[in-house]
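Keeping their order, the protein sequence lines are chains A and B. Quick note on numbering: the first sequence equals residues 873 to 1245 in our numbering. Quick note on numbering: the second sequence equals residues 2 to 449 in our numbering.
The hints are simulated quantities; they were obtained by calculation from the structure and are not laboratory data. Check each hint, because a few of them may be wrong.
Said to hold, decoys possible - Pairwise CB distance ranges (calculated):
{"id": "1", "chain 1": "B", "residue 1": "Met441", "chain 2": "A", "residue 2": "Ala1092", "range": "45 to 51 Å"}
{"id": "2", "chain 1": "A", "residue 1": "Gly1098", "chain 2": "B", "residue 2": "Met371", "range": "54 to 60 Å"}
{"id": "3", "chain 1": "A", "residue 1": "Ala1061", "chain 2": "B", "residue 2": "Arg354", "range": "54 to 60 Å"}
{"id": "4", "chain 1": "B", "residue 1": "Asn78", "chain 2": "A", "residue 2": "Ala1061", "range": "27 to 33 Å"}
{"id": "5", "chain 1": "B", "residue 1": "Glu355", "chain 2": "A", "residue 2": "Leu1227", "range": "52 to 58 Å"}
{"id": "6", "chain 1": "A", "residue 1": "Ala1232", "chain 2": "B", "residue 2": "Glu72", "range": "34 to 40 Å"}
Claimed, not checked - Incomplete in silico selection of chain B near chain A, CB under 7 Å:
{"id": "7", "residue": "Glu104"}
{"id": "8", "residue": "Glu125"}
{"id": "9", "residue": "Asp206"}
Even glycine gets a Cβ: it sits at the ideal position worked out from N, Cα and C.
Residue strings, one per chain:
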Amino acid sequence: MGSNNDSTVTKKKASSRKPKGLSNLAKREERLALRLLLPALLIIALIAFYPLAQVFYTSFTDRVFASGQETNFIGFDNYRRLLSVHVTTLDPVLDEATGEIMIDPDTGKEVYERPLDVLPREPSRFREVNQFSLFGNRYVIGATDPSFIQSVSNTVVFTVVSVFLELALGLAIALVVNSKFRFRGSMRAAMLVPWAVITVVSARMWEWMLAPSRVGMFNALFDWMGAIDSPIAFLAAGTYQLPAMIAVDVWKTTPFMALLLLAGLQTMPEDIFEAAEIDGAGKIRQFVTITLPLLKPAMAVALIFRTLDALRVFDIFQVMLGQAQYSMASYNYFQLIGNRAMGLASAIGVIIFILIFGFAIAYIKMLGVDRNE
Amino acid sequence: MLKTKWMFCLVLILALALVAVVGCDAPEEEVDEPDEPEEVEEPEEAVDDVVITVAAGAVGMELELTRDLAEMYMAENEGVTVEVLDTPDMVEDRLGLYLQFFEAGSSEVDVFQIDVIWPGDLSEHFIDLNQYGAAEVADDHFPAIIENNTVDGELVGIPWFTDAGLLYYRTDLLEKYDLDPPETWDDLEEAAQIIQDGERAENPDFWGFVWQGRAYEGLTCDALEWIASNDGGTIISPEGVITINNPNAIEIVDQAAGWVGTISPEGVTTMAEEESRAVWHAGNAAFMRNWPYAYATSQEEDSAVKDLFDVSPLPAGKAGSGAATLGGWQLAVSKYSENPEVAADVALFMASREGQKYRAVEGTFNPTIMDLYEDEEVLEAAPFFGSLYDVFINAVARPSTATAPQYAAVSELFYNAVYSVLLGEATAADAFEELELDLMDLTGFDAE
Chain A
873 MGSNNDSTVT KKKASSRKPK GLSNLAKREE RLALRLLLPA LLIIALIAFY PLAQVFYTSF
933 TDRVFASGQE TNFIGFDNYR RLLSVHVTTL DPVLDEATGE IMIDPDTGKE VYERPLDVLP
993 REPSRFREVN QFSLFGNRYV IGATDPSFIQ SVSNTVVFTV VSVFLELALG LAIALVVNSK
1053 FRFRGSMRAA MLVPWAVITV VSARMWEWML APSRVGMFNA LFDWMGAIDS PIAFLAAGTY
1113 QLPAMIAVDV WKTTPFMALL LLAGLQTMPE DIFEAAEIDG AGKIRQFVTI TLPLLKPAMA
1173 VALIFRTLDA LRVFDIFQVM LGQAQYSMAS YNYFQLIGNR AMGLASAIGV IIFILIFGFA
1233 IAYIKMLGVD RNE
Chain B
2 MLKTKWMFCL VLILALALVA VVGCDAPEEE VDEPDEPEEV EEPEEAVDDV VITVAAGAVG
62 MELELTRDLA EMYMAENEGV TVEVLDTPDM VEDRLGLYLQ FFEAGSSEVD VFQIDVIWPG
122 DLSEHFIDLN QYGAAEVADD HFPAIIENNT VDGELVGIPW FTDAGLLYYR TDLLEKYDLD
182 PPETWDDLEE AAQIIQDGER AENPDFWGFV WQGRAYEGLT CDALEWIASN DGGTIISPEG
242 VITINNPNAI EIVDQAAGWV GTISPEGVTT MAEEESRAVW HAGNAAFMRN WPYAYATSQE
302 EDSAVKDLFD VSPLPAGKAG SGAATLGGWQ LAVSKYSENP EVAADVALFM ASREGQKYRA
362 VEGTFNPTIM DLYEDEEVLE AAPFFGSLYD VFINAVARPS TATAPQYAAV SELFYNAVYS
422 VLLGEATAAD AFEELELDLM DLTGFDAE
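Excised from the complex, chain B in its bound form (with noise of 0.2 Å):
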């Protein structure tokens, strides 16, 4: 009798182990689920059919130009079927997303859609695409991306796009009030008053200037845009020397803090890329600040601003020229790919002449390929990209290499602190004069 029961405990014990450790097993299991349907579908293909996972982001139209690319490489080369993951529109979403497929050493995701900031961060878990048949190419691309992306001297990601700030103007509207396009701050806020408070009378939502300044890696990019054009430098030097705590930065972060209510609305502060953009494609904005993706968007048929708009380079303050953040996402191969071969070919794909041409032309995405500024079909698609060469060149990095890795944590530190002043919650003199003590206690540099 009491042997029967220790059986009977013995068994349970056993059973539930056993479901336990399945359970722990079952996400493996899930990632391999996606094959099973189609083996089903095409036994004969079965056996070749490669599935590659490209995680790519969807601001603007990047997810179907993305798609598109996918859908071209398959028309090429049977066997691999390239399926596209929609990640987050925030940097620092997406960062999180990938960051945990790599903590599980997960093979889900093949290729990568990195951004300019991290190739130094994350470098561990990508594979050298020299060794790939990159080598050949990547003279064709900008030098300093190919250096940027290059870490130890293996290319860990291949130059998919590049990205600068830009001016966005109405040339309607600076034509009813008779203006120029404004080529200092002053300028911009002078004439942003000016039609703001014409058209207001017939559109209570119009406003002057809209831009990013919600507390993220964007306010980060518009704010070192300001400081840089007005000659306060770019946070932290490329020498590791911390810079931020100049009165010409000072002077420019709360100049803009005066935006907020005036020109800008007060619900800048809530706005990303897309919000902004949101503002703009309704007519309802004079000026924005946006990437060149905005482009093309700008030119869709729902469009109210269709043909009234044109891009500069941003105002300048007291450095005499206008400066733009340097942004711009590169293709990475994943370290734990199944098939590291595919995954390569189909990143280099995407990221050739064609793949960008492509991408240039339908969406107004930057390419990385120098002599793609002289192609008659891009500049025809994207005129600017001929007349502002020179920002696209000259833009300005993120202090992101010489913070290496602990650039997420400088520019947090940073940009909450310019969004302290344009909330008004402290001066832009109190606001740098701690976050200089803030990045010396964090990076261990010395201050200016």
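Next up, chain A with everything else stripped away, as it sits in the complex (with noise of 0.2 Å):
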């Protein structure tokens, strides 16, 4: 709070000394500011606007990757083409003889259209992405690039459950290494070795231990406790595939989380828990009252980092899943290099990056980082 008020006070200072001009000092200052400011800009604008404009540029475009062909602008089909959703609800068959819907024999549940004749084909084909009941009417929901949306959704969901289920179990991890025990320092090395091994590998290495046979770890351990009758294909069913990537996100990236936790943890002053504990204050309360907040700055920064970086998430859905589910950046690459579509996926790379900022502000407003408390 003191800190806040004095910031006020300077900047008051500052505006009120504006109106009369600033002295020759000032100035002179500002512009040499400015100019030790312009190779940093330079940099900046050489290294990161530049090739962003370009993927801007080229997503307007039907460039094809890696070919001499022509290219022409073909303005925003590229966009049109990954967003266009269409929602629509599916009427229930009726049986032509008695009136009645028509239930399933085999499933004993209702019968309704198919979504195939019932989207639009005008003017560009919307396919089913899903189905779901709302107030009893059947709606499905379709898109002109049902695989886009889906790796959209699938991107969504698994950074939310990835980033939570880290930061609760790196919380967790991190309050246990920063209290002093013996072999303290070898357990904050260990804990690191998950976060150490290159992505691909331990992306193989689950792979293995979710093998569909009893060479896979998992199968072999539920076959031993009889839990299973046949080995489950984890990465093969719908069911399976994102609950696996998330776990093995959350093996790989919870120490991480844990080392940025763990350096927040470690710039608190013994002092304010001794004196809360003279107060009478009890571990809970501590926790509560005087950890969890003095913990929100390094627990915004990680939680900034580790959301961008599981948006971005690739290798592992591509070594484990290949074409068979994506997310966003693997389904941008099959694009590019599986079907050559560089213009495509360039419209695909404009968007990750606009999803992406959007959490970066939302993260910055909702846990004020930009404040200097």
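With the hints as a guide, bring the two chains together.
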């Protein structure tokens, strides 16, 4: 609070002085500052804005990757293809004889129209992404590029769940290794091992552990416990794909989260806790009212890092699922390399960029990282 | 005073700009680096020393055989160093790697091993081998493959080995249960079930039939074999008509979906060639669909099925005879190579009679040179080359020519449609009705 007051005071001073015109010295200093900033700005322009602008430009064309084919400007077509979504109701199918809703004899559920017959086909065809029921009605979500919409939803679910789990587990681990015990140093080092493993290697490792026969650790374990009749194909069936990805990511990056939080914990002065103890605050009270608020900046940094990282997730999806299920980045890769549609891939890149930008802004606003508290 | 600061800023900007420029150039410098250490070691030869890099596959014994051929070439040609670059097993990944070299116009790789489905798509990046001496040997190879590799009159790749899907079966187990090698898919289903039920008592990891069910190019090959053998066409006909949505194709794909979890493991939907071969290699399968390379690896010392198996054509459906998807790889020389003449010479050596014979004898890679199928040493190493000669010359091509340059997208739609049927997410009828519309949108072709 105190520092906040100080800064407003200095701001006031500065603004009250401004109308009178700056002193010569101040002017010179300002110019020097600009000049000193210039190299940095130049480099940022060169290495960040130039490639970004290039991607923006390419996203409006139909450029083909690794080809001398002529490139045409096609406006927003790539974006239209990626983002067109259409939601419509599915009517139940009536039995012609009785006029009642038909029931599937196998599943005992009501039969609805096929999305294929209901979704619009002009100007381009919408394909089914998903179905859901709301207030007794059945709806279908269609998209012109269902793989992309699916990849966005995969990535968002992956990000939210994995980052939440990493935060919870990372905090617990950080608190443990922050307390004093024997072998604390080696414990901290050992904790970092999963983070040190190259992601592609750890993805391969997990692929083997999740192997759909008793070669795989998980299937061998479940089989030994008698929990399953036949081995589960974790990476084939839709139900287990995302949970498997989340498990790998949590295993791998929880140490990183713990490390960042540990750094935050170590900056906390002992005496506050001593004072709280004397005032009669219990351990839980101390954690909620002292540790958590003081940890907020470190937590914010860790969350931003992890969220932005998770939104860009590529390696584990690519290695373990290939073309069976995409993340945004692995779909981008498929469109660029597999399909050689560089224009479309660039549009995907721009969308990922905007999405990540949005998340970053939201975090900064929500957690107040920009204020110098 | 002010002047000094200006100067300081200017120097700083220049210095940083220089760093940036040097930074941009760095990758090119890396390319040249491998030469330098050699120059230090052998100063006399350094002047002539040409390094040719061959990007080659590593499935089964591929890599070591390519290295052997590189050694042979180097023994005969002083001053040339042939390096072999290991590339990913999965076709999609390998293409991705190659495209990055092409986009950069990189001279890092001189000779590329390319798939039978690529010549049309990638021809602009390769030299015409006819002008480097391939014209004289082209007639020795299967004419269909030479035609496949000829784009606008230019020979973009010299055929290296051909491939066709085969059925591997365990002779000992067929004998034990008193069964014949299956001739139809129904026979296969029945035999696989009988053997699996019998073997499970001792070996809980045993399965009847393994194949390639992962969502990738390999599934396109497998599914095309089922469909073609059931008289269901080849997805898109050579004339550019979409034929996939027909009752025969639907019937056989539904039948194949029934194998998952019964005679084939649930996990067959995560298997590529090497994953299914691992199950077979350990003696945990009665039947396997795979390419000819698996013959040599199955005869290795550590194989549980050594001398206990044989190969036959794939089973038939309604068509009356089985169908095998045409695979195979060619060697192409990059347009960006710094020594195209030497590179072409290396490629032609590797694909020569001597090179193909070596690979056929050591690794059962099918030659593309016709009279090698009558060579005694080759037939001794791979007896099935003779008996299955018809399978190899009648193999069914994927619709890569008709759909170029969109074959990759066509194949992705197709294998994902089949994959959804295998997982039980859709019936083949629904999946192919939708696939037909998708293919119409993508290619602009008409449906049957």
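Which earlier hints turn out false for this structure, listed by number in ascending order?
-> 4 and 6
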